[in-house]
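Enquirer: Use the sequences and the hints to build the structure in full.
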Amino acid sequence: MKNDLQSEAYLRMLKIRGFEQAVTRLVTEGEVPGAVHTSIGQEAAIVGACMALNIDDYISGTHRSHGHPIGKGAELKPLMAEILGKATGVCKGRGGSMHFTDKSVGSIGESAIVGGGIPIATGAALTAQVRKTGQVALTFFGDGASNEGVLAECLNMAAVWKLPIIFFCENNGYAAVTPAAHSHGQPDVARRGEGYGVPGVIVDGQDFAAVHAATEAAVARARRGEGPTLIEAKTYRFDEHCVGLFIKGGYRPAEELHHYVNERDPVTLFRNNLLTGGMTQSALAEIEAQAASLIEEAVAFARESAFPEPEEAFELVHASPIPIRR
Amino acid sequence: MTPDSMTLGNTKRMTYLDALGLAQREELEGRDDTIIIGEDIALYAAGGAYGDTDPSRIRSAPISECGFAGMAVGAAITGLRPIVDLTIANFIYLAADPIINQAARLRYMTGGQFKVPVTYRASMWHGQANAAQHSDRPYPMFMNIPGLKVVCPATPEDAKGLLKAAIRDDDPVIVFEDNDLWGKKGDVPLDTDFVVPIGKAKTHRSGSDVSIISVSGCLRHALKAADDLAKDGISADVIDLRTLLPLDNDAILGTLAKTGRVVIVDPAHRTMGAAAEIAAIIVEDGFDMLRKPVKRVVTPDVPIPFSPPMEAPLYPNPDKIAAAVRELM
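First to last, the protein sequences are chains X and W.
End of the first sequence = 326 in my numbering, gap-free, step of one.
End of the second sequence = 655 in my numbering, gap-free, step of one.
Keep in mind the hints are simulated off the structure, nothing from the lab.
Don't take every hint at face value.
As the list claims (entries may be wrong) - Sample of chain X residues facing chain W (criterion: CB under 7 Å; computed from the structure):
(1) G95
(2) H99
(3) Y251
Small disclaimer: the values here were computed from a predicted structure and weren't measured.
By construction, the Cβ of each residue, glycine as well, lies at the ideal position given by its N, Cα and C atoms.
Expert: Rendered as structure tokens:
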């Protein structure tokens, strides 16, 4: 069982890594409209959190949106098609890179409004509580979003009402290009929980097992009706804030990036742990081949898919339609 | 003889506020997925009145408009039908992000994966010396947001029927209440399935000389003006739009066809108010039917002052409406 979990975790981390590498290539080759924000470097935080959840538990997230549904187990093909703006995209071409959503795996929306997903997940936790379903919700947000007032509002309400939610901060140290040290009164987002009666936990975001254990504990607490937990995973993004836009570098030290890429790569660290734990090279190679093939299929599917018709822009505005004026 | 004599036995005279409360209570009792969330709910909306309702469905929230307006979106897409009471309409600005960026767009941006059945109630307090931060009529801003629906009931009957329609609708609906009407009484249908369809205007008085197209609580001023004008032999067709998004274009052009003269009465500010859009529809689609230019009776473009002698003259009233009509005759 534990081996199955670890194999699946490794597969999902590789899927995120490979998906985003493929997307980056497609951006460079001009096949992707707009720009993309990748999660490369943050895979252990994402997958460690998601794999502590059941498939019907809810997640919401951020403009750095690809990793979260993949971490929750979403199929890659509709995600890749969405990035290319195709009709077969998971959001039918209306959301794009920053707004991945896959209801089938409990992914209820990634938001390009920084912090926008926080109340959405808190509301999903409210639903779970009112309907007594036993589900929990987890909201991913960044260190930048932790400075939005809505986090304070939701921490407080979740604490007052003991909502089954995990506030999960992927603290990669930079809000776009602004270092957290320039925008945080004190460095630890997790400590903000205390002011609202929410336990705060800091965890090494490059360590799958540490993230997974912390999230499992928070999920168990939520399911027991004891309320929210704030988890802060200290992590790092390897790419620039945004791929496909010109962003001047130099806002983070070269040696810092070098250190993370070479010594703190979560995928490499996890692979090494798996080997140390007794998994064979051939078993790992099999998972790696599986991930590569899934990504290749997703790219092919996305390329072969048709674009939506312009008239489709007028569909899906409302569930109970009203006349759309043009 | 009353036109509603067939249903008179099923109506009860009550205030606009009580009609809103009745709508909420019926919907809460009728289905277990409806919840209320907002500030001071226990005191103003739910205390006692909903005593039998599962308390987990009545959430008296901390002062956190952005937070709970956004939570309602998350609750709506995962299976509840939240009613969010934002009390003073000006507070809706604090909740604008989740209403505009999330509620209005989530269905669309997710390719139809969700419906967003959330109702926002915002009560427009004005004319009561509350000054500029408690006296707005903000619906025009939200008419510019595709994905929303916006209603403005002007009678107790419509308050019940439109609020119930909003709660039952699978899309986000903002109900802008006119606080001046909260204490006004009218006959309200008691049928628990009585709803007023979103998107349909109502003709309150038939006439042939001029159309008075009214928004929100201006209806009673429009009807008073019509009475006064009748004494001078001027016959006014008075319609209340009731829904502002979508606008009932057929009703707007229909009354224009009857009279050829239009006065639009809208308590929002002049620039880009609801009246501006209605006037544009008339000019674009009904220009040939116009016998005179369109007139607007609206609130001037100033923040609402505190002192009553400055505040009161700013809003539409029967005299201003009648004067505008006379200029067209």
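Enquirer: Per the CB criterion, is H99 of chain X less than 7 Å away from chain W?
Expert: holds, 5 Å
Enquirer: Against chain W, run the beta carbon of Y251 of chain X and see if the smallest gap drops under 7 Å.
Expert: violated, 27 Å
Enquirer: Can we keep the G95 of chain X interface hint, with Cβ of chain W closer than 7 Å?
Expert: holds, 5 Å
Hint violations for this structure: number 3 only, all remaining hints satisfied.
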